[in-house]
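> If you're matching them up, the sequences are chains A and B in order. Per our numbering, the very first residue in the first sequence carries number 1; after that it's consecutive. Per our numbering, the very first residue in the second sequence carries number 1; after that it's consecutive.
It should be emphasised that the hints constitute simulated quantities derived from the structure, not laboratory data. Computed from a predicted model, the values in this text were never measured in an experiment. Where is the CB? At the ideal position from N, CA and C, for every residue including glycine. Just so you know, nobody snuck in bad clues.
According to the in silico footprint, chain B covers these stretches of chain A (three or more CB under 8 Å from chain B):
(1) 39-45
(2) 72-82
(3) 112-125
(4) 160-173
Each chain, written out:
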Amino acid sequence: MSSLSPPVKKLWWNEPIHKSELMWISLVFVWGLIMTFMMPYWHVVGKQNLGTETYKTTPKAFQASAEAFVEQYTVRNEGPRNYPVVAPPAGGDVYMIARLWDWWPILELKKGESYRFHLSSLDWQHGFSLQPANINIQVLPNYEHVFTLTPNASGEYSVICNEYCGIGHHLMIGKILVVD
Amino acid sequence: MTNHIFRTCPDTGLKFHDSAEKLMKANAVAAVVFLLVGGFYGLLVGLTRWQAVHLLPADDFYMVLTAHGINVLIFWMIFFEIAILYFCSSVLLKCRLATPRWAWLGFALMLIGAIANNVVVLQGSSSVMMTSYVPLEAHPMFYLSLILFAVGALIGCFVFFGTLVIAKAEKTYEGSVPLVTFGAITAAVIAVFTIVSGAIILLPTFLWSVGLVGEIDTLAYRLIWWAFGHSSQQINVAAHVSVWYAITAVVFGARPLSEKVSRTAFLMYILFLQLASVHHLLADPGVSSNFKMFNTSYAMYLAVMASMVHGLTVPGSIEAAQRARGHTAGLFTWLRKAPWGNPTFSGMFISLVGFGFLGGITGVVMGAEQINVLVHNTLYVPGHFHATVVLGSTLAFMALTYWLVPVLFRRELVLKGLARWQPYLFGLGMSGVALFLMGAGTLGVPRRHWDIGFAGTGGITHEFPAAAYTMLALNGMSVILAVIGGAAFCVIIVGTLLFGKKLGDEKMAQPCIVAPVTDEEYNANGGSAFAIPGTLVLAMVFFVSFALYYFINWKYLAETWGIA
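Work the whole structure out from these sequences, hints included.
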């Protein structure tokens, strides 16, 4: 009689459990509780809890909001695509458009200040991947995701796309500049 | 019962119903063919990611990546699992297979679906990845072929359930079903949930692709698609854990330490595992934190607990059986004296260790709500699931195949010397793939990305650290190693089917199944028949690695930007 045959003892559910198994089950259960506790705990003490504030939108409406934002706070144009560099006030709203195949506009943020990001796609699904900070967020069309980011170091950051979005996926790249 | 032809295997004593046997052969052969096809695509993917080689142009890369995922994650796995279901019902319960004609219909639908899917993907108009996230659109045949395949697989599941009913009615076994059959039942129940979820999302998507439905909501698509996409991997887990137990029985004559514990752990897969599919949406908008935490902790950690229980009881039952057979000295004599040259055992054990250490730990860590932001859609994700699905499930299925093919086809295995080494070759290669992909992902390298050098963007680039390029090169080399291992498997199996020495009714030179360990043997060790000190030490090593890696990632998270 092995694992390939019916149980040796017909009333197998009445058989006692060996203590080595019991010990392991208890340990694993407690570990599960610890891991369960860690997530709400991090919501209280941790500084990395992705906000889930979301609004239904349309590509047209989101594009209009983003364009108004860019118009108001553009400080210069630069880069190979001559994109606007937008420097919003600290603590303010920030818009970034994901579309085939770029991120628009370029943002200039201050280190240590918080910004309310508004993120949406004008077409397919995209993946906001901020490098080298390694923050990765799914971007969906028709959903405007609002969350706060607080840069903790100055420098030039790249936004690349890590959700496959067709043949130009690997060309999709944008910039966020963080200044002191 | 007169119309049903049975044969008794001279080596194993197992009873094979003629129809079940033919269906198992057909499904297993189809599985290996799609493994071969999908594995070849995997080679092309790995060699393209290796930036210095960069084999394929972008459009071919995305096309081949789509085909690679679907062939190995769905077709190879499900064909093989249907064979396992028929084995666990008809053969283990010594029962005729229910409605063989329906089973053949199911097989035909699966085969047509799988071939049609390959054709439509290779035509280039459906490079949408396995996930086919809307509004990215594939050819209608892409969705239709997957639906056909799913219907076929669903029929297979119901043939399995029907066979259980017949076995019960005709009293072909006494008491409860064997543990391995019980595990297969959980796999089949999860399969039904999976396939129904797939139908709920793929049917409207198909209608949308032909213009009959206006719009598919992207978030709803992701939620329901993952109820299908992730659950399909839970079928694999339930199936390969059953295979682990089956191999402990075949190689060691082992029984579970406790039927109650092992069965409860299987049951927990049904109750909790596929609910946790929401961990694919941890970086999504529109899903609340409470919803995310609930689904990754309550629902997931109980399933994790189930896997960790199996992780103890599978090697534990080997240890108990080995100790009962006299390998009692020290902590690890039982393990040292295991048949490491038998690919059925070595494959199973590498699968167990790889699935736990590389696949299990990383899966739980990245399934924590906040940590997920560090890894979502990076190469870490494919790294993780190459450890679970390839190193875990695929290698376990290969290990079983080495045992099953001679029994089923009555032919002696060819190239036995190569077979001895194959699990090590494949296991080493695939461990490398998993580790180096995860390493690259930790450095932020995106998944499903043709060129992390960003040539062609008109001068806007990002410089990944040199280590990322090294990781991708090492991944490419590991892919080559794994593909050699995978090809060796296919050559051995196909070679055996074509050229293996026919066994007929002769017994094999070496017995291919070990007699079950008896109560007397277990009790010869005194009261501690199921004491497993060696396994406990290994389990504690696992636990400490798990806890360390878990907290390291929280520390890593604390170092990035503030996110709220």
